[in-house]
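So the protein lines, in turn, are chains A and B.
With numbering that gives the first Met the number 0, the residue at position 227 of the first sequence is 226, and numbering never jumps.
With numbering that gives the first Met the number 0, the residue at position 638 of the second sequence is 637, and numbering never jumps.
Think of the hints as simulated: they come from the structure by calculation, not from any bench.
Using N, Cα and C, we set each Cβ at its ideal position, and we do this for glycine too.
Don't take each hint at face value.
Said to hold, decoys possible - Some chain A residues well away from chain B (every beta-carbon gap over 12 Å; in silico):
1. T24
2. G33
3. T162
4. P248
5. V268
What the hints assert, rightly or not - Derived pair list, reagent style SDA-like, types lysine to any residue, alpha-carbon separation capped at 25 Å:
6. A/K45 / B/S553
7. A/K45 / B/L545
8. A/K45 / B/W556
9. A/K45 / B/A539
10. A/K45 / A/L11
11. A/K23 / A/V256
12. A/K23 / A/M273
13. A/K45 / B/T554
14. A/K45 / B/C558
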Amino acid sequence: MTDIIIHCAVALLFPPLLLGIIGKTKAAFAGRVGAPYLQPYYDLIKLFRKGSVFSETTTWVFRAGPVVTLSATLIAVLLIPLGRHAAPLSFSGDMILFAYLFGLSRFFTTIAALDTGSSFEGMGAAREVTFSCLVEPTLFFTLITLARMSKSLTLSTILIYPTPAIWLAAGASMLLLVGALFITLLAENCRIPFDDPNTHLELTMIHEVMVLDHSGPAFGIILYGAALKLFILGAVFVNVALPLATGNPLVDWAIFVVAMMALAVAIGVVESVMARLRLVRIPQLLVGATILSAFALLLVLR
Amino acid sequence: MFFFLEPTAYLLTAATILAASGVPGLLLRAPLFGQRIAAFAVVIASLLGEIAVIQLLGGSPAAFYQVDWPLPFGPALFSTDHLSTIFLFPLFLVTGCVSVYSLAYWPASEQSSAGKLTFFLGLFAAAMVLVVVARNGVLFLMAWEVMALSAYFLLTTEQQSSAVQRVGTVYLLATHTGTMALFVMFSLLRSTTGTFAFPASHALAQTLPYATLIIVTALVGFGGKAGLMPLHFWLPGAHANAPSHVSAMMSGLMLKMGVYGILRTLSFFVALPVWVGWVILLLGAWSAVNGIALATGQRDLKRLLACSSIENIGIIFIGIGLALVGIQAHAPYLVVCGLSGAFIHIVNHGLFKSLLFLGSGALIHGAGTREIDRMGGLARRMPITSTLFLVGSLAICGLPPLNGFVGELFLYVGSITDGITAPLPLAALVAPVLALVGGLAVITFVKLYGIIFLGTPRSAAAAHSHEASGFMNGPMILLAICCLAAGMSPQLLVRLVTPVVGFYGDVAGDLFTQASSQVPLLPLTFVNILLVILTLIIGAVYLVRLRGSSQPRSTTWGCGYLEPTPRMQYTGTSFSELVVNLLGTIVAPRRERPVMTGVILPRKAAFHYAVTETVLDRVLSPIFHWIGLGFSYLRKLQHGQLHIYMLYIFATLFVLMIWTH
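Bound conformation, chain B alone (with noise of 0.2 Å):
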């Protein structure tokens, strides 16, 4: 094939478009045009970051450019590998999709926060791009860095709510407090190799005497963008208050940074302690289960997505888990297994999590409210919307014969075959894990889309809710068919990760078929077309036999009562109710039962219930608030006088001046 540039050129391209692609906006006197030009230029860049993935997929050597910028950290280096194509895949689908939606969704003509909006989204894209691309350690942060400000300024879109403005401080201190880590991370590679430049794949031995240092702050750092359990407190808050299409890059993209950056970090090493694998095993699972017993519990909509997420995050970091653990064990069915997993529900997180995020942005649009208890009966109205929402819901969920099951089939298969090989089978564990994790999904999902879409209105708002338009639903039907496509047919998904699982984890390749040829891909073809084809002619069937038949209507059964009222629904958080008292110790609901006062006629009393969120209001909220008081004594230094500020830095330097000499 013949193509004009190669990959990485296509790539820096591709984030230069993205990042210019808001300025017009902020400059034209006419903000609507100035948005469609926006959401025009990051189409075009889309295409371009896909043009340079399947150069990278088909094989085409990466090109290293090197800028030899004034900073005195070494020259700013880019490329890009098998590792980084996984990620960008994803990244500039999803990007394509959301820059469209956001015409419907948040229109300049009606929104005035729309040109920053627009402009922020294509600097967080680009800045994205570009922490996959950095090969230099503070090119990279700096590219993480911006990243992480543009979702703030994202997700504060709406920022005169106090509830916005709260999720925007604690997004802000716990992003920062990961790029510390990541400050200390970097430094000490830099000591270690005396250069900024990222190692080589391989390249330090895990006896250097920072390795395990490096590999904490890599966890905490990275780990906590990612969202994995106990650094997730930021994240089910600041997925909510964003603005919907934000949210789905934030949770379909911007989370894999930090899987990207864990995984870049552990590629540095020849070999990793025992210890590792066992710990990001460990914590996957933690946050497989403990997320998706958060999501079940939750009332608003996005943040039981938000919820979800962590889920999904912890079941990728199952599979870097296994990956890691089978390296260490020499069994090369858990290291092409859980990679293979791991990378698969990657790039399929990023398509049904979109889809579902973009879903609820239609609903809030549709419908005017988050909370899952106020809507109800809105497939009637949304059909489309209730139907893509639909293949979200079951794609999530894991189930044949959409996408979600191939990631997870891999995990399984990789984890059984080690309870029957393995002489201590601790990975098998993992199987009946993800079973219970499926489980409370169906629970979550179940709930989610029967709450929401089915049944009768519970508002007037949802009562009187109205399919969106064409660039919102475009969109979503791509996401729509890619997960279809990718389900029916898993070989495209393996097709995509075959590459970057056997640059990672060095596996040849007759060893990945060999361990590949245990996941029964074919079989699954052949399943999932029967299931679809058994289903339609079940279904005409039946539809030929009422066509046949008297079909009276009547009301839902209500033991006689013939004048049932949307209230007296089972809401959300009655379906939840069961599961929720079991799962008591990690969803913690706080019930605020009403106390009856008067004698003959009781007064007016309310009932509130809230899941809480046991890190962020039992642990941290405590702490910062001790901590705030201990320290308010050092607020005279806060006085906002320009001067005073500068000469704080001045002194500050002077002293490490001093000091070094």
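One chain only, chain A, in its complex shape (with noise of 0.2 Å):
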């Protein structure tokens, strides 16, 4: 029960500071002192107290978009074990509808922006829907690997099982697996190299560019959105790649909100090295992410 507090209150709470936390990294590296930490809860919390402009153009689905998205990403997050706590919703075959849940949102975000009739959100639909369709294959090759090596379907059994003695024993595929895992997480949050979250161009945006009408409350909800889906595939990524257990469930779960700063830093790190990707050289990465996954499976299954 505990842990099920626990799990709900971190899921809720914490994403936004990842965001604080990429962003002040961004900062150091480029000799500023950068917005505050919790620069994102303030964001959000004028967010929803601002009105919201809405275009001609738009229907229902413009203001169904973000909340379909935020609900479907919600219940994702109650299937996704944390640390080394199993999830409060788990059963057998989770995991795909876990895939499926993503495709949901990603379904309705895609249609709200071409609601607004914008050429800038028709371009941004676009890539998203390819680049995600791309990453599919490489999460679920992903999936198989863990689900063969744990024998079993269910979420919170194959995320948990990684620990330092699987990676002493299988070493090779599992850090194929963390490159293939680190990717799609880059992928799907739009984060350089794949997405450039800071640009002022329109025409190079994939996310940011999908949002543009959105405005007041609805953006708010949208950011949210982003957070929350950065922290669950943060979350999958920091299971398979930290899998530090200590046995005393306080402590793990320190463990864990540590981790995933950390992993927020690690973000931040690769957004000040790296430039974005140019748009035709993001599908080859991709595809060599699947690759890196099949090749996962591959090794496991000798």
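With the hints in hand, could you dock these two chains into one complex?
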């Protein structure tokens, strides 16, 4: 029961902080002070209190987009184990539902973008669905590999399964999985090198351009949903990459939170030292990630 | 429960009513009245048929009917079993919906072809019922031909158009090539068993001399009808050019008859060679990926839906392939999950694809075009159609909480379980393939829904579109409710397919429960309900928040440009361009770039863009062209004089008689 409460509290309150840490890291690299760590929270509160501007072309789909996206993401949060603790909602086969919930949220984000009739948003939507489509096989190869290692179809089991001992035994495939998962994490959350969340040119954006017309509370919901998605995929990554467990539940929670912060710093570092890839290069990197994860499966079969 | 008749009798009665339903329309002076009679008769027949389905699902035994006809092929046999039932359920449901829909979509008061269309629609449905209940090879082929030919007359309703004539010819060639393969197959069966009556299931040994040939001819004949690649070439054109409610029946129901044929043929054998399962699995995966890739690039609304039918047939065959591989490998989880997934998808595809095709009819009615890039902004003027179309699009992408997800869930669980337990988990590779197909489906249907219904109208016709009438919306609403109900409580679908999986896969009840317990049905219902409640709560909070704040209206943000025109919007072609370029080898779009002439002032130039049908345009058309040239000298025999034709027939029979003596 305590774990479920902590799970919900961490999952609901913690995600925006990741964005704050990433921002602070990038600022440090650029030699700036940067916005406070809690800036994303301030932004959210400010947005929820603002009015909204609606384009005359939009319909109910535009308003429903962020709402459905957020609710699908919130359910995905309930399916994912955090740290060494099983998820509040876990059953055999939940990994498939997990992947398809992201599909549902993607469907609604992109049709909300198309509802504005803007070329820019159409462009962003096209890129979003295309690149995500290439990420899907990677996610499934990764899940099958982990499922085979842990002999389970339940996310809570397969993501808690990796331990330092497993890393020693099957280091090569774990390393490949971590690589593939990191690329998935960056691509799905539209971070550099796939997309630059801070760019100022609509033509080059992916995620930001899809939400150009959303304002006020709707934009707040979108920002929060994006943070939540980063948190979810980050938790998957941390579970596989840093499988540290002490046996004490509270210490494990602390380890998890620290690991997530470290991941945010790592993303900030990547964003500071790399440039965004040219759009034509992105599919190549994504297919490369798929092949990495397929290799991981091959090594496990051996 | 008390029923007056037993199931087969109900089915035969329903088939008779269906076949006769269009006759009053042909004879009566008032065609509209005839059409109403037909619709009423079809609905009654559909209800009778569904009674039979309910009886069969309840486990009541079906009688065997034997009619001693004067033909030298043995008695005509009719019966039904669980395998037939799973095809009959969507058949009657969709047929009933379509007949009501046609009252408004193709009203006899406006369309002179309505009488003919209504007649063949009834005959088409009756022939499909007969295909499913026939238990004699020749009877089956007769029903098959009536089905194929009435589909031809249905799809060439608008026969004045040259495009329709062309696709009609291609369809006729394709279906008859398939039938030819079926003639070979049933003759071989006859020579093996000594009778045209269907052998009992699992009665033939796989070591029979003709076993391989029987299976191959069945795959060619039935696979072509199902639209399995590479025999799919007739499908996009035929579905696109038929009236929309006919497309709904062809795609939702007729393609499944091919699936039925293959399943029935395979059930004759005790065991199958190892390669059969893998070939079906590979063909299914190939069709799924290529079908949806073709669909992504389409610019014609109905052609896009038709290509996505190839994808869905592919998914069904993936399920069948998994099951066959599972039987070979003694892996009950693969058999149960593969068969359940395939059968659930057969039912689901019948529901959502019919919904989408009926919706496309409403769109064509409302906006007067099939071109995706000429529509836009229709959600404002057609709110009901747009909502129903959204339900269909979500369902066909396999997204929760709709029914499309359930079938795919079974396939995923089967394949990943194979990944966990099998020593060499080749079947596990199905999961990433399905994931890729799912991703491409999202691209395709986001494009379809977004470009058609959202944004601003791209043409004057789209700007003046109008909502369809109640007769058209009613059936669509019924289908959408079925999709939603089956998605929210997947147990309904599972209950529907449990008997047929047990019957077809020879899976005992406890084994079924054990294997399907891996599939999270109850949790799925729970999550679906949670999803709906959460969406409603967040939506309510958001709306309350909006109420209390200012909501100025403005134009869409265009980098400060204040007068955006509809032509500045992203089109469907540009939306899918990114992925079409990635899939270049499969989709092979043909671009004809303008050549600029004129030195100072360029002259007018045109740009063409079309997605090619690789098999039809690059392989078959050239071959047929050369064959046509080669045989041109035979045209002398074709002179249109009836008595000489009769002489040909007489001479042929005479030669055959001498040859046999």
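Quick rundown of the hints versus the structure:
Its beta-carbon lying about 30 Å from the closest one in chain B, A/T24 satisfies the requirement of being farther than 12 Å from that chain. Interface exclusion of A/G33 from chain B stands, the closest Cβ pair being 28 Å apart, more than 12 Å. Residue-level check passed: A/T162 sits 19 Å from the nearest beta carbon of chain B, beyond 12 Å. No beta-carbon of chain B is positioned within 12 Å of the beta-carbon of A/P248; the least distance is around 25 Å.
With a least CB separation of 30 Å from chain B, A/V268 remains clear of the 12 Å interface cut-off, as annotated. Distance restraint check for A/K45 and B/S553: the Cα-Cα separation of roughly 21 Å lies within the 25 Å cut-off, and the hinted pair is therefore satisfied. Among the hinted pairs, A/K45 with B/L545 is consistent with the structure: their alpha-carbon atoms are about 14 Å apart, no more than 25 Å. Using a Cα cut-off of 25 Å, the hinted pair A/K45 and B/W556 holds, with the two alpha carbons roughly 21 Å apart.
Restraint check for A/K45 and B/A539: satisfied, since their Cα atoms lie roughly 20 Å apart, inside the 25 Å limit. Of the pairs offered as hints, the one joining A/K45 and A/L11 holds, with about 18 Å between alpha carbons and a cut-off of 25 Å not exceeded. A threshold of 25 Å between alpha carbons decides the hint, and for A/K23 with A/V256 the separation of about 17 Å falls inside it, so the pair holds. Note on A/K23 and A/M273: the hinted pairing holds, with a Cα-Cα distance of about 17 Å set against a maximum of 25 Å.
Among the hinted pairs, A/K45 with B/T554 is consistent with the structure: their alpha-carbon atoms are about 24 Å apart, no more than 25 Å. For the hint pairing A/K45 with B/C558, the CA-to-CA distance comes to about 24 Å; that is within 25 Å, so the pair holds.
Consistency with the previously given hints is maintained throughout, with no hint failing.
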